[in-house]
Amino acid sequence: MQFGRTAVMAGQEYVEQNLNRWFNRAALQPYFNVSNQYVINKLRLLIFPWRHKLWTRQLKRSETTGETMGYLSPRDDINAPDMYIPVMALVTYVLLVGISLGTSSKFRPDMLGPTASSALAVILLEFTMIKLCIYLLNISSEVSVLDLLAYSGYKFVGIIISIIAQLASVPSSVFWTVFLYTGAATGFFLLRSLRYVILPETSTGTVPAPQRKRRIHFLICLSVLQFGFMWLLVKLT
Amino acid sequence: MAIGIFGLLEVMLLFVNAVAILNEERFLARIGWARQPVDPYAQESVKARLVGLISAVRTLMRIPLIGLNVVTILYLVILG
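Chains A and B, in that order, are what the protein sequence lines are.
Residues in the first sequence are numbered consecutively from 1, following this note's numbering.
Residues in the second sequence are numbered consecutively from 1, following this note's numbering.
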């Protein structure tokens, strides 16, 4: 029995070592620290972001000194990005594409993989574009990779709503209204959320005027591009 | 319209290849995008950042690109 336990522990260590090479579990952990209330409020925010006032993320202060420990986790701060909603929305999207193909009798089980791959490719493309523009515009913010992936993944919520509208065989004008509305809501959500990343209001002085204009243009282009990305993904069905 | 992850990676590899084979003296100097001495105190414009990025890709990525291209070619030849 002792030997069995040793073997199991050795196996667990081996798996964890190899998994940690790809996953960095400690960095992912705070993104999944969500509560039911957070998920409901965040979904409501994604569908109706127009009335929300305060978009800044709150800093986590340690007991003794000042603001040393980064940002609050999603459980305590509605504005914090999480990975739970994007991951769930991505899986739901893949399943909905399968359902939608099934209603037109074009479903084959080996289409689920390429669909997921296409969705991930759109996310990767958007992430690459944002990273490139952050480098070119000399924006010195410390936004992490997972933050950007989380913000990119929020568009799947709007895409899901559009696909449901499509599946319910509503007339074409209703579908277009739903699609344009969810696109605008996602674009506005991203605009407000990324504003404090791109235009940091730190104490190192404000951004000079021509740079500020360029950054605002970048933000607006990004929001408009959300329509394009969402259209790409809705059109897969 | 479905591209997929490998399609996107191939496209990115082709773009990086294209940047890596730009010739310094025949092309970049002609259009004023030649490598500039780095001035750490200058507030960099978009063009300066772009020129820096291109020269960094050309300097650093030429050798890894050989390996990546060989791997991609083998993958595409073997797996269609």
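Don't take each hint at face value.
Below, computed lysine-lysine pairings styled on PhoX-like, alpha-carbon distance capped at 20 Å [unchecked claim]:
(1) A:53 / B:47
(2) A:213 / A:131
(3) A:213 / B:47
(4) A:106 / A:235
Output of the computed footprint for chain A on chain B, the stretches with three or more beta carbons under 8 Å from beta carbons of chain A [to be verified]:
(5) 22 to 35
(6) 55 to 69
The hints are simulated quantities; they were obtained by calculation from the structure and are not laboratory data.
Backbone N, C-alpha and C fix where the C-beta goes; we use that ideal spot for every residue, glycine too.
Quick one, are residue 106 of chain A and residue 235 of chain A close enough, alpha carbons at most 20 Å?
holds (15 Å)
Are the Cα atoms of residue 213 of chain A and residue 131 of chain A separated by 20 Å or less?
With Cα atoms ~19 Å apart, residue 213 of chain A and residue 131 of chain A stay inside 20 Å; holds.
How does the coverage statement for the region 22 to 35 of chain B fare against chain A, requiring three or more residues with Cβ below 8 Å from a Cβ of that chain?
violated (count 0)
Between the region 55 to 69 of chain B and chain A, see if three or more residues pass the 8 Å beta-carbon test, and mark the coverage as holds or violated.
n = 0 at 8 Å, threshold three: violated.
Given hint residue 47 of chain B paired with residue 53 of chain A - CA-CA distance at most 20 Å:
violated (36 Å)
Residue 213 of chain A and residue 47 of chain B were given as a pair; does the straight-line alpha-carbon distance stay at or below 20 Å?
Holds: residue 213 of chain A and residue 47 of chain B sit about 16 Å apart, inside 20 Å.
Violated hints, in rising order: 1, 5 and 6; the structure is consistent with all others.
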